[in-house]
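Q: Please model the entire structure based on the sequences and the hints provided.
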Amino acid sequence: MPALSVVRAANLAAIPKYRPTALFLGGTSGVGQAVAEALAGATNGNAHIILCGRNKSAADKIIQSFPTPSGPPSTSTSTSTYEFEPCDATLMSNVRSTTASLLGRLNKLNYLVLTPGFLTLKGRDETSEGIDKKLALNYYARWRFVHDLMPLLEKAKAQGEEARVLTVLAAGTNGKLDENDLDLKKGYGLKAAGDSATAMNDLMCEDFAAQHPDMAFIHAFPGIVRTPMLMDFHWSLKPFIFMLRPFTVSPADCAQWMLYTLLDPQFSKGAFFR
843 MPALSVVRAA NLAAIPKYRP TALFLGGTSG VGQAVAEALA GATNGNAHII
893 LCGRNKSAAD KIIQSFPTPS GPPSTSTSTS TYEFEPCDAT LMSNVRSTTA
943 SLLGRLNKLN YLVLTPGFLT LKGRDETSEG IDKKLALNYY ARWRFVHDLM
993 PLLEKAKAQG EEARVLTVLA AGTNGKLDEN DLDLKKGYGL KAAGDSATAM
1043 NDLMCEDFAA QHPDMAFIHA FPGIVRTPML MDFHWSLKPF IFMLRPFTVS
1093 PADCAQWMLY TLLDPQFSKG AFFR
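Numbering (this note's numbering) for the sequence shown: 843 to 1116.
No lab work stands behind these hints: they were computed from the structure.
In this text, a Cβ means the ideal position worked out from N, Cα and C, and glycines have one as well.
Hints should not be assumed to be uniformly reliable.
[Stated by the list, open to error] Listed below are the simulated DSS-like cross-link pairs for lysine-lysine, each with C-alpha atoms no more than 27 angstroms apart in a straight line:
#, residue 1, residue 2
1, K964, K1027
2, K964, K975
3, K1111, K999
4, K950, K859
5, K1028, K975
6, K950, K898
7, K1018, K975
8, K859, K999
9, K950, K1111
10, K964, K1033
11, K964, K1028
[Stated by the list, open to error] Taking CB as the label site, the calculated pair distances span:
#, residue 1, residue 2, range
12, G1029, A845, 40 to 50 angstroms
13, K964, R938, 20 to 30 angstroms
14, G1029, G1002, 42 to 52 angstroms
15, Q1108, G1002, 12 to 22 angstroms
A: In structure tokens:
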């Protein structure tokens, strides 16, 4: 990736002329929140931003911090819409209900940003649907959102606009996939769960890019980001967090690099792994 200063300038130069619609699954905290804030700031509020997650109070606070648009309110490119869409994405039934609601009321989707997840040392923890919660958030819900909301991405392309999907996990770490145990019912472990989700996100981007060659599907590894998820991971690690600082990046800086993949022309079509 280019230097942060270069990326910031490139992001501002690449802001679309139209008002983009962006959905952030996992956008009420961490990297998802930071990217949403970066997009709102870069567009100066001329955007339709939807924060999707479980925490409405957190979403309300984030939305209150977003800028209001500049320019005549009568023009379609100078109006902002910020909203919260509730969804516990550990359950696919919830995901299907949410995507059905979005399909029924949105007229397009330019950017779909997928960042749900959590850190835990706990072993396999199944939902009522029989899916491990980590795998549900790190892969299954992400795939479902892309699949179900594809008509909205297609509508954006039909209008001559960008349609890009960004899934933030662990691109480039070469996760291994056990094709005989995809749901890890037999060989579950924290490393196996991480490797499997990483590999499936890679394959997801490749497959959707092959089906929709005029769109972009990006799997990004943000590095170690100083998000609440990291800082509150385990009480025993808190005294040592400061030692990690030289090896970590702030959410705001990370968001600029993530936003770069959503805006820069070089990522407009195909599958990308950053």
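Q: Hint by hint, say whether it matches the structure.
A: Against the structure, the hints come out as follows:
| no. | hint | in the structure |
| --- | --- | --- |
| 1 | K964 <-> K1027 | holds (15 angstroms) |
| 2 | K964 <-> K975 | holds (11 angstroms) |
| 3 | K1111 <-> K999 | holds (11 angstroms) |
| 4 | K950 <-> K859 | holds (15 angstroms) |
| 5 | K1028 <-> K975 | holds (16 angstroms) |
| 6 | K950 <-> K898 | holds (23 angstroms) |
| 7 | K1018 <-> K975 | holds (19 angstroms) |
| 8 | K859 <-> K999 | holds (15 angstroms) |
| 9 | K950 <-> K1111 | holds (18 angstroms) |
| 10 | K964 <-> K1033 | holds (12 angstroms) |
| 11 | K964 <-> K1028 | holds (16 angstroms) |
| 12 | G1029 <-> A845: 40 to 50 angstroms | holds (42 angstroms) |
| 13 | K964 <-> R938: 20 to 30 angstroms | holds (26 angstroms) |
| 14 | G1029 <-> G1002: 42 to 52 angstroms | holds (47 angstroms) |
| 15 | Q1108 <-> G1002: 12 to 22 angstroms | holds (19 angstroms) |
Checked against the numbered hints above, the structure violates none of them.
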